[in-house]
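Number of protein chains: 2
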Amino acid sequence: PEKTKNKVVNVAGKANKLGRDEPRRIIHCLKVGLALTLVSLLYYVHPLYKFFHESGVWAVLTVLLVLEFTVGGTLGRGLNRTFATLLGGALGVGAQHLAALSGEIGQPIVLGLCVMVLTAAVTFLRFFPEMKARYDYGLIILMLTFSMVSVSGYRDEDALTIAYERLLTIIVGCVIALLVSILICPVWVGEDLQRLIAANLEKLGSFLEGFSGAYCRISGDAQITIDQSFLQGYKSVLTSKHSEETMVNLARWEPGHGRFLFRHPWKQYLKVGTLARQCSYKIEILSGHLASEIEAAQEIRGEIQESCREMTRESGKALKELAATIRTMTRSTSMDFHIENSKGAAKNLMSLLETGLLEDSTTLLEIIPAVAVASTVMDIVTCTERISDAV
Amino acid sequence: PEKTKNKVVNVAGKANKLGRDEPRRIIHCLKVGLALTLVSLLYYVHPLYKFFHESGVWAVLTVLLVLEFTVGGTLGRGLNRTFATLLGGALGVGAQHLAALSGEIGQPIVLGLCVMVLTAAVTFLRFFPEMKARYDYGLIILMLTFSMVSVSGYRDEDALTIAYERLLTIIVGCVIALLVSILICPVWVGEDLQRLIAANLEKLGSFLEGFSGAYCRISGDAQITIDQSFLQGYKSVLTSKHSEETMVNLARWEPGHGRFLFRHPWKQYLKVGTLARQCSYKIEILSGHLASEIEAAQEIRGEIQESCREMTRESGKALKELAATIRTMTRSTSMDFHIENSKGAAKNLMSLLETGLLEDSTTLLEIIPAVAVASTVMDIVTCTERISDAV
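Residue numbers (the working numbering), protein chains in the order written: chain A, -5 to 385; chain B, -5 to 385.
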């Protein structure tokens, strides 16, 4: 019992954290409950029941399957489901008529062949990456509706009515899901995407700033008590590709709202995201150097280190400015200033190296990688700047 | 029309490529068609139809929704669907009885409340990452079945029969899907996972080997005609995290088969995958150096370069041996030999650097990053070796 109690406390803690991290999740749960109660009225209210009969159950299913966390997700699934049902129903009725021409015995054979060919073809379509990304759900529903209408029509003789009722209830379900999704605390995936990309840039920026501080203190005194939290932040950027792509796919379904127009250039976010990821690979290396570099602090490193610190600090600030630019959709002038500063520091460093100030090679082993990385980071910063112009 | 024709040719080419890259996809399409034809027999064959009536349509839906590309996927969805239907049906019947106690007017209110509370709670459960990964589909089906049974039971008065028939047909559908999935050219996701991890290591290995060759030729003569194909291979490793995790989740559903026992340590693959990804970040940096390093080839680089080449070549070979180890599940002795070699080369290089052979700092700028990276790669190799012991 002690163990069970611990487990329960553990799960409760996790649930609490989930809700607190993202209160919209709790609102979403209530939205699902509300939408379902609304759609159940089709059953409970007598006049509505008389109109829809048992097929009202499809509206219930539709609400549950279509109502997603984000508006883009709901709209995408709703449109997929509606049009796929329409197309699948029409094809099913067509197959039914075709089969009816083939006589008593031929009918099931023709129907079976139709079902087999169509499902095999649609299953193959699902392997296309472009189809998978945006229309996967629609393709499944297309197969479902076609099979249901054509197969069950064999016994019911009334495939047209089945197809029609199904379509009608599905539209009702989609409309309810969509209204609940948009009218009650809508979660726009486009805004989330923008926030994610900006947060990623900010994480990189605060790593660079933190790196600048830590790098200084290492050479200053031996007792190192650095706040290590900035070291972990950027890790999530390394593997953000999948979630960015999913969000862009969903965002493309969303209609214009607020500051986002209908054909908002979502793909630009992907580009910025990719550049941020490339930058994070370099930061991963940088953080490896930070961990190993605590030993061997020598006089000669002073000047190089100063340039490195300058570069990381300034490019960190520039990245944070970039994040703010993406968030507010207006360019600030101080960003260019920071980028210029970091470029200047890089130039200083290059000339420092070219004059051959250094002869002790053991210390170089630790410094130069950081320099190389910092200059690459700068390249990335300027590259990101170019992209953000396009936003 | 010319444009349409081009588009058709384009799509046909893509389809051809999809099928040729992975012939199992075509087999999968045929399997779906076959399974659906089998399940349609519930409708076409008279005695079966008399037994299942219209609820046979649920078996059709089940086959379409459960039959996935891999055995693990099919089994996971099938089990999720069966148990969720069982649980949802039981809860639905319970809610129905509870509501019946509350009289004519109270009944819809109690039912509505039950549906609202249960769906909100289950929706919240879906936000837990652990639940999302393995039981997402089951949770959706749980909500669906519960709502259907309790809501439609309000009019039909016979919720128990609905729940029972639904469960029975779903089991029939799952069994058909599973038999088709396992008996006809099964696609074991565990084997695919093993192959993916091994292929990733191999890509890293061939990059390192190719790097070794290219690095040599750059210093040798100015005319560079290197085979650039190895430069792209490792890119897919950078972003393989999501697909690896998905595959591990699916693989855990699979029963033991062939050389894989039931409780195969799938998580080890994730560990190896993570290490390989860390290694690929370093390789990304290395490849950046390769692109920029074509200028400034000086005499003094000779010896360092020799060590670098030795290190990358040997660790590349070791990674390839590791890939073979994972594939055949037996350790080869030559791997340790390669790792020892690369370690030796690293030691040589370190002593070379410590003796302070170099004084010209401009060339160092290009060489030392490669050295640092190569030694990190070696760390990764030894780390991977440790992991592969556990497999």
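Simulated from the structure, these hints should not be mistaken for lab results. Do not take every clue at face value.
Note: identical chains are not told apart, hence a pair may lie in one copy or across any two.
Think about it this way: if two alpha-carbon atoms lie no more than 25 Å apart in a straight line, the pair counts; the simulated BS3-like pairs of lysine-lysine are [stated by the list, open to error]:
no., residue 1, residue 2
1, K235, K341
2, K11, K(-1)
3, K126, K229
4, K126, K261
5, K(-1), K265
6, K(-3), K44
7, K126, K265
8, K229, K(-3)
9, K235, K265
10, K126, K341
11, K265, K11
12, K(-3), K265
13, K229, K1
14, K265, K229
No experiment lies behind these values; they were computed from the predicted model shown.
At most 25 Å between alpha carbons: which applies to K126 and K341, within, between, both or neither? neither (48 Å within a copy, 50 Å between copies)
How do K229 and K1 come out at 25 Å by Cα distance, when the copy is not named: within, between, both, or neither? neither (29 Å within a copy, 41 Å between copies)
At 25 Å max between alpha carbons, let me know whether K265 reaches K229 within a copy, between copies, both or neither. both (19 Å within a copy, 16 Å between copies)
What label fits K265 with K11 when the C-alpha limit is 25 Å: within, between, both, or neither? neither (32 Å within a copy, 27 Å between copies)
At most 25 Å between CA atoms: does that hold for K235 and K341 within a copy, between copies, both, or neither? neither (33 Å within a copy, 37 Å between copies)
State whether the alpha carbon distance between K229 and K(-3) is at most 25 Å within one copy, between copies, both, or neither. neither (34 Å within a copy, 46 Å between copies)
With identical chains, the pair K(-3) and K44 could be close in the same copy or across copies; at 25 Å between alpha carbons, which is it: within, between, both, or neither? For K(-3) and K44, neither the intra-copy (53 Å) nor the inter-copy (51 Å) Cα distance is at most 25 Å.
For K126 and K265, with the copy left unspecified, which applies at a CA distance of at most 25 Å: within, between, both, or neither? The answer is within: 21 Å in one copy meets 25 Å, while 29 Å across copies does not.
For the identical chains here, do K235 and K265 meet the 25 Å Cα criterion within one copy, between copies, both, or neither? both (11 Å within a copy, 20 Å between copies)
Intra- versus inter-copy proximity for K265 and K(-3) (alpha-carbon distance at most 25 Å): neither (49 Å within a copy, 29 Å between copies)
Within a copy, between copies, both or neither: where do K126 and K261 come within 25 Å Cα-Cα? within (18 Å within a copy, 27 Å between copies)
Can you give me the call for K11 and K(-1), within, between, both or neither, at a CA distance of at most 25 Å? Result: close within a single copy only, 18 Å intra versus 55 Å inter.
Hints 1, 5, 6, 8, 10, 11, 12, 13 from the earlier list are contradicted by this structure; the remaining hints agree with it.
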